[in-house]
Structures are given as structure tokens and as C-alpha cells.
Amino acid sequence: MHLDSNAFLDRAAQAMAKPEQSNNRAALGVSLPRQRSAAIEEFGDFEDLRQSVHARRKHALSHLDQYLEQFAENVIKNGSQLHFARDSEEMNSVVLDICARHEASSIAKGKSMITEECGLNAALEAAGLHVRETDLGEYIIQSAHETPSHIVVPALHKSQAEIRELFLSEHDLGERDLGTAQSLVNEARQVLRADFLRADVGIIGSNALIAENGNSLLVTNEGNGDLCANLPPVLIVCTSVDRILPRTEDALAMLRLLVRSTTGQPISCYTSFYGGPRREGDLDGPLEMHFVLLDNKRSEILASSYSDMLQCIRCGACLNHCPIYVGAGGHAYGSVYPGPMGSVLTPLLTSLEESHLLPNACTGCGRCEEVCPAAIPLPDLLRDLRAEEFSHRITARRWRIGLTVHRWLALHPRLYGAVTAIALRVMHRLGRREGVLRWLPLAGGWLAERDLPTPPAQSFQQQLHSSADQDV
Amino acid sequence: MFDEAGREILARLRHASRRSNAASVREELASLPEAGAAPLLADSLSLAFLARVIRNGGSCTVADGRRGTVDAIGAFVSMRHGQRRVVCGHDPRLAALPWRDAGLLPRFGAAEDGDPVAVSYARAAVAETGSVLLWLDRDNPASNNLLVEDHVVIVAEKNLVGRLEQAMAEPRYAAAETRPRACMLISGPSSTADIEMQLVVGAHGPRCWHVILVGQSLNAALVDRARELADR
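These protein sequence lines map, in sequence, to chains A and B.
Read left to right, the first sequence gives residues 407 to 878 (my numbering).
Read left to right, the second sequence gives residues 2 to 233 (my numbering).
Isolated chain A, as found in the complex (with noise of 0.2 Å):
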């Protein structure tokens, strides 16, 4: 997976210096959590919800042995082929394999994270063939050459300007306005159109895997997935093994709390079931059906104390919750996963040492937890994640330092209560006058941005103390 996550703080930092930039994310900030209470509210019990499909996925996560087992038979009596890739590299392989058995030249595809992650697009391309994504937002950022910044809404980054500046150099189209979004999105209809119908293979992603059927759940608004799914002749499904639930109704469970968290609608306009190639007299549809399925480390996941990361559904609600991600957008943590949940993923796909700023790009306020559907105590494994940086001694010396030294202190109370008490005595008497410190040794950087109120002169518990002595 392409990652670039060390030089976080320095993009977030230009990010932030960038407000015609900011001004999607602080809209998306505010509207798409509106719209997820408000759905919320109308459904009712959604805890109850959550925790049934918390269950169903813990139970099918805990037998993923014999679910995977179940799919294959199944996928198999549907008439469909099966792979499997340990990892990205192995992926690409199988997938350009495919195509290359059909002499493809021309992919249609929807959207999908985990050809994001395996960079299967710049492995397709290298292989000389032409690759159109078709979802909107996905089609606008390869347009522009960029990555997502948002794992639901990709082109999050950029203007209504940019886009029609955008279609108006990349589409030979004449003399047109393009002045409103309608009219771009008519565009995007007219030139994709043509992409669909002359693809060679549709590769689309999947939102679950269905055991008992040997179906894929494609959950979409625009109906590209859908188009991608059944006008090509050859369909290849890409996927990770996690994605699999025992039965259609365990789906259904999680559609409720996927489209409600991730736009606050109660269905998406298009839920789709693929099982297989087509039937004898059917008229349209894939003459052949692919699945891959990719490991790349959800085995060792689920192994571990992390497994918990691997109920991510792939809403987008932590990242609309999250004050850093709005603040910093998503191109800051340089991996396909930004916000709360990548926080987490990329650390565990890759490894601590490449990503070990993101698990501390965190401001502890619990918001994620509080939205995920998937109730993932996502700070317990940010904070874990940090303590694991700790005891490798990845994170920068003087933290470790200064970590350590605290820790000391606070498991003798005393000298704990003597050191702060003089601290506090220093900084009363540096501050009283303006009644903020706008500097103080060792905290020079954290300061430079915040003023720190003027503490008193005696800590709580001295005050505590001393009145309690009074009383008696």
C-alpha cells in the first residue's frame, strides 16, 4: 500500500493554511453528522441494531474458517470462479491474469477500497490497459491525478470550480458553461456512458460476502457499480475474506447501519445482489464472474488483540466526526485510510514505524466510538497502538523521556504532590500579571499556538487540604 503517512503534521499543517480547501470538510463536518442523528432518531432503537449486527459479525469473524468454507461451495454451484491473493502484489497478478486470459483493453470500474489499497489501477495501467472509474467522485480525482481524501466521498477536496475547470480541459466538448452541478454530473453521464458500454471487464468491490448464497452485496447511489456489474462480459468481484456474513438477513442488518451512518439515508438508491454469470436465457449480464479474495494481514488481525478494526464497515462516520480529520482532511495521513479508522488499519496493514504519527493524531474526544456503527472501541486501540509505539521506542526520544519521567512520578504520589506543587508556585508567579503563559521551558512548541491560563498558587488538593484543615 502506497503510504506517506510520517509527514503528517506537515501536511496537515499546509492543509489547515489552505481554506478554500477546508471549507468541504467544515461543511461535511457539520451536515453529514445532522443527517446521521436525524436518521438515527427516525429509526428508533438503533443501539439495539448496532449491537445485533455487532454480534453477527463477531460470530461470523470467530468462524471465518468455515463461513469462507460455505462461500466457496457456493460461489462454485453458482456457476462463478474463486482466487484468492495472500497479498497486494498477488492481487494485481490474479486480477491482470484475467484479464489478460480475455486479451481485455478496456476496464470499467466502481468503486472499491481495496483495489485503492493494492494500487491495482497503476498495476492495470502498467500492463497497458485503459482503467475508467466510474464513480463520480473517483472519476474526478484520476482525472486530476490525485488520491481520495475522504473513503466515501473522494473528491472531497475539490471545488465545484476545479471540477468544471477540470471537465472543461479533460472533455472535447466544444463551447458549453458548465456553470452548476447538474450539469457537470450530465457530463460525467454522457462521457462515462460511452466507457461502460465499450469495457472488456467490470471490476466492482463488494460491501459483504454472503455465505449461505454465494453473493456479494454492492451498495451505491449512481448505479455505476451496477452498470460496471453487468454490461462487460467478464465481472470480477475484489474483496477482503473479512467481508463475509453467514446469511442475506445478517446483510440486511448491516445496510440499515451502514447508508444511515454514512449519509444518513435509510437505503442507498441501489442494493445489489451478484451471484453469478449469466443464465441460460437471460438476455443481458457477465458471461463469466470472478471473486478474489485478499488476505494482506486480516488473518494476523484477526489473530491479535486488534481484531476488532476488522467489523469496519466502511462508513465514514468517524472521519465526518473526527475534529482532526476535518481539520487536516484525509490527503495529510498519506494512506488510502484516513480519519479515526485509518488511524488504526494503517498501522496494522503496514507497519508502526511507517505510520506511528497517525495513532497520535488524536485528540482523545471519543466521537468515533460514540458513531461507529460497528462499535469499535476505536480509541482503547488508537491508545494501544501509541503504548505498542512506546514499548518499541518508535515514538521521538524526548516524548519517551518526558513519558517516562511522569509515569515515575506518578506512581509516588507524594513526590508527585512536592514537584507540582513547586511547579505550580513558578508559574503563578510568571503568569500573574497578564494572567496567561505564553511560554515556559520545555513546552515552547505546544505553547506557541495556546495560552495557558495562569494557574493558581496551590494545586487542587493543597486547596482541598488546607480547608479541610479549617473545618476541623
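In case anyone wonders, no lab produced these hints; they're calculated from the structure.
Certain hints may be false.
[To be verified] Calculated lysine to any residue pairs in the SDA-like style (CA-CA distance at most 25 Å, straight line): (1) A:K464 / B:A170; (2) A:K483 / A:E686; (3) A:K464 / B:S21; (4) A:K464 / B:A96; (5) A:K703 / B:A6; (6) A:K483 / B:P34; (7) B:K159 / B:G75; (8) A:K703 / A:S797; (9) A:K703 / B:L95; (10) A:K464 / B:P34; (11) A:K483 / B:A12; (12) A:K703 / A:S757; (13) A:K483 / B:M2; (14) A:K464 / B:R19; (15) A:K703 / A:H536; (16) A:K703 / B:R20; (17) A:K464 / A:A781; (18) A:K464 / B:E166; (19) A:K703 / A:S494; (20) A:K483 / B:R173; (21) A:K483 / B:G7; (22) A:K703 / B:A12; (23) A:K483 / B:A23; (24) A:K464 / A:M519.
Let chain A serve as the given structure and place chain B on it in line with the hints.
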């Protein structure tokens, strides 16, 4: 079934799994807590369904029989396109409609790029979400749901159910021999919010999604009530 990579992945998953026997896995699954569905917008399934369709950005009308159905299709098609051509799948219920009585000229088959209107007959419809269920097969090719500008879907009132699970619980769906290769639950016209989160209709699929609910005792007042309910 499992290639070399698959066997390796399966082995790793077995190592991480709880390794219970199949019977106890089935028992555990059966004991898991049920989940509720979204509340219906009204006690009447028809009213609840139509209100959701409207809220989802669809349009709707009702008909009391076959003649009313083709009249409704005719009115919609001529209003939207000023012509009377439609394409339909081979669903026998579509073939049985008195198209000529409404001056309509259906072509039976799969829609092609450029066809303005397709008419489908839903397998079932769901009041909880305002969705229509369409199996993708000879009776209703996928292209008819996706390639056209306007998609008209006929729903028989007797095929209306309360919640999603009921629509997917048909016995023919459970068996591999009778299950279609795919099915779609459609709950609105194609839409996107990818441009500064503005909701725009007609992304890649149909711009207009028109539902005709057919039942003996249905009348136009129901649609008015559904509109009021949808607006609340």
C-alpha cells in the same frame, strides 16, 4: 475450490478461528439477537411505501387494474418524452398488459443505450424503505433498470411487504437452481453528492424513477396522502 493461496489463507484463518464444530456454529448463529427494521411511516403498507418512494426522490401513481396501469404508463411516457415507445422484459405480467389500449408500443427485450423508457414489474416491494425488488433475468434484464433515462416500475399491491428480509425470503431465491444470477433493490433515481455534497439526480442510472402501485381498491387520494406524509 481453493488454490495454493486459498489453502494458505484458509489455514491462517483456521488458526485464528474458534474451531467449533459445524452444529454448534449453526446453534450459535440461531441464538444471535434479532435486529429491528425501521418504523413504517404509516399503518397502511401502501401508504407507507408510497411516502417512502416520494421521500427517496421517486414519483408515483396508483392504478386499479391493467387498463389503469397502461393508461398511467402512457400518461407518464408522453408527458416526459412526447412519444409512446417503451422497452420491457419478458415478464408475463408485462406481456399481459393491454398496451394497445393506451396507444403504447412496447419492445420486449433488453434496453439499449438511447432507449428513453423501460418498464419493469417488481417481484416485491418494501414499505420500510420504499424499495422495489427486481430479479435480473429474462423477465427483467439489468439494462432495463440502468441504461434508460426513465425507469417505470409496476408494483402489485399484493407483493408489498413490510421489511427488507421479507422481500428476500422467497423460497425460489434460497435454492441455487432457481435463484437468479443477481437481483437489485432499487430505492430511488440514480443520484450523487460528489460535487461539494450537492445532491444531483441522474448520475449514471435513470434520472427519473416512477412507481405505479396497482391494486383493486387504490385511488389517487392515496398519492396525495403519501405526499403529505413524505413532507412531514
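Hints versus structure:
At roughly 24 Å between alpha-carbon atoms, K464 (chain A) and A170 (chain B) fall within 25 Å of each other, so this suggested pair holds. Pair hint K483 (chain A) plus E686 (chain A) holds up; C-alpha atoms about 15 Å apart against a cutoff of 25 Å. Between K464 (chain A) and S21 (chain B) the CA atoms are separated by roughly 14 Å; this keeps the pair inside 25 Å, and the hint holds. Straight-line distance between C-alpha atoms of K464 (chain A) and A96 (chain B) comes to about 47 Å, which puts the hinted pair past the 25 Å bound.
Between K703 (chain A) and A6 (chain B), the direct Cα distance comes to roughly 13 Å. Compliance with the 25 Å bound is thereby established for this hinted pair. At roughly 30 Å between alpha-carbon atoms, K483 (chain A) and P34 (chain B) are farther apart than 25 Å, so this suggested pair is violated. Taking the CA atoms of K159 (chain B) and G75 (chain B), the gap is near 23 Å; set against the 25 Å cutoff, the hint holds. Restraint check: the Cα-Cα separation between K703 (chain A) and S797 (chain A) comes to about 22 Å, which is no more than 25 Å; the hinted pair holds.
As the CA atoms of K703 (chain A) and L95 (chain B) are separated by approximately 50 Å, the hinted pair breaks the 25 Å bound. For the suggested pair K464 (chain A) and P34 (chain B), the alpha carbons sit about 12 Å apart, so the restraint of at most 25 Å is met. Between the alpha carbons of K483 (chain A) and A12 (chain B) the distance comes to roughly 23 Å, so the proposed pair stays at or under 25 Å and holds. A C-alpha spacing of about 11 Å is found between K703 (chain A) and S757 (chain A), which places the hinted pair at or below 25 Å, so the restraint holds.
Taking the CA atoms of K483 (chain A) and M2 (chain B), the gap is about 11 Å. The hint holds against a cut of 25 Å. Annotation: proposed proximity of K464 (chain A) to R19 (chain B) holds, straight-line Cα distance about 11 Å (limit 25 Å). With a C-alpha separation of about 29 Å, the suggested pairing of K703 (chain A) with H536 (chain A) is violated against the 25 Å cut-off. With a C-alpha separation of about 20 Å, the suggested pairing of K703 (chain A) with R20 (chain B) holds against the 25 Å cut-off.
Note on K464 (chain A) and A781 (chain A): the hinted pairing holds, with a Cα-Cα distance of about 11 Å set against a maximum of 25 Å. For the given pair, K464 (chain A) sits about 21 Å from E166 (chain B) by alpha-carbon distance, which is consistent with the 25 Å threshold. The hinted pair formed by K703 (chain A) and S494 (chain A) meets the criterion: a straight-line CA distance of about 10 Å does not exceed 25 Å. A threshold of 25 Å between alpha carbons decides the hint, and for K483 (chain A) with R173 (chain B) the separation of about 15 Å falls inside it, so the pair holds.
Restraint check: the Cα-Cα separation between K483 (chain A) and G7 (chain B) comes to about 18 Å, which is no more than 25 Å; the hinted pair holds. For the given pair, K703 (chain A) sits about 13 Å from A12 (chain B) by alpha-carbon distance, which is consistent with the 25 Å threshold. Taking the CA atoms of K483 (chain A) and A23 (chain B), the gap is about 20 Å. The hint holds against a cut of 25 Å. For the given pair, K464 (chain A) sits about 22 Å from M519 (chain A) by alpha-carbon distance, which is consistent with the 25 Å threshold.
Checked against the numbered hints given earlier, this structure breaks hints 4, 6, 9 and 15; the rest are met.
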